[in-house]
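Respectively, the protein sequence lines represent chains F and E.
Numbering follows our numbering, with no gaps: position 90 of the first sequence is 715.
Numbering follows our numbering, with no gaps: position 96 of the second sequence is 582.
Fair warning: there could be bad hints in the mix.
[Stated by the list, open to error] Below, a sample of chain E positions facing chain F; criterion: calculated Cβ distance under 8 angstroms:
no. : residue
1   : F558
2   : A563
3   : V577
4   : N580
Derived by calculation from the structure, the hints in this document are not laboratory data.
Quick reminder that beta carbons are idealized off the backbone N, C-alpha and C, glycines included.
One-letter residues, chain by chain:
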Amino acid sequence: ETGVTQSPTHLIKTRGQQVTLRCSSQSGHNTVSWYQQALGQGPQFIFQYYREEENGRGNFPPRFSGLQFPNYSSELNVNALELDDSALYLCASSLGQDRNTEAFFGQGTRLTVV
Amino acid sequence: EDQVTQSPEALRLQEGESSSLNCSYTVSGLRGLFWYRQDPGKGPEFLFTLYSAGEEKEKERLKATLTKKESFLHITAPKPEDSATYLCAPVGGNKLTFGTGTQLKVEL
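Let the hints inform the model, and build the full structure from the sequences given.
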């Protein structure tokens with residue numbers, strides 16, 4: 626059984642650029658959630674995808690968008706990067722769209738915007 | 487608005503010195519609460535799910551308990567490898583809210 630994997634592990638971008646982060650879900654899971662974690666804070670929910678459809682969104686602007694593919698892997702896209710977007714981006718996979726189901730996290734992508 | 491408060495923010499223990507971490511929450515329609523462990527620069531590692539008040543779960547030196555307003559993570563005879571940030575996340579309705587965590591350091 627493979628766990629959740631994210632790529633890349635680290636990334637440096639310039640303000641105003643666009644970035645795509647990738648996540649492969651754990652085998653057998655059909656739901657992917659994305660979180661943003663600033664230094665010293667808890668993860669903040671961005672959105673969730675269940676069977677290729679967005680299934681809930683947190684308080685993030687539309688320049689944060691995502692996709693889920695038929696194999697349940699997922700992408701997080703962020704347009705017009707701002708300095709405050711610098712954070713650890715976490716992907717979590719689970720089985721089913723219910724939020725009280727255990728979710729398993731990847732190691733994260735550290736994004737730095739300069 | 488759902489609120490989660492974890493205390494203390496940081497805790498330093500000697501090896502073998504037991505203690506408890508607190509997670510207080512105000513959520514609508516609690517449906518469960520998760521505990522995760524997070525090492526620096528890594529993703530959170532799942533520890534426990536608690537679904538109802540009075541429920542307890544144990545794993546090695548850790549025991550999690552749940553009441554209607556708070557959850558505790560008890561650490562018995564901790565070891566240096568237990569050093570990490572411990573995050574709680576109650577689920578209210580269909581919304582998961584993480585606390586800011588308790589940073590635990592266990593020293594020899």
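Self-check item: Hinted contact A563/E with chain F - closest CB pair below 8 angstroms
Solution: violated (27 angstroms)
Self-check item: Agreement of hint N580/E with chain F interface, Cβ distance less than 8 angstroms
Solution: holds (5 angstroms)
Quiz item: Is the hint on V577/E kept, meaning its closest Cβ partner in chain F is under 8 angstroms away?
Solution: With a minimum Cβ separation of about 4 angstroms from chain F (threshold 8 angstroms), the hint on V577/E holds.
Exercise. Answer holds if the nearest beta-carbon of chain F is closer than 8 angstroms to that of F558/E; otherwise answer violated.
Key: Where the cut-off is 8 angstroms and the nearest Cβ of chain F is about 18 angstroms from F558/E, the hint is violated.
In this structure, the earlier hints numbered 1 and 2 are contradicted, and the remaining ones agree with it.
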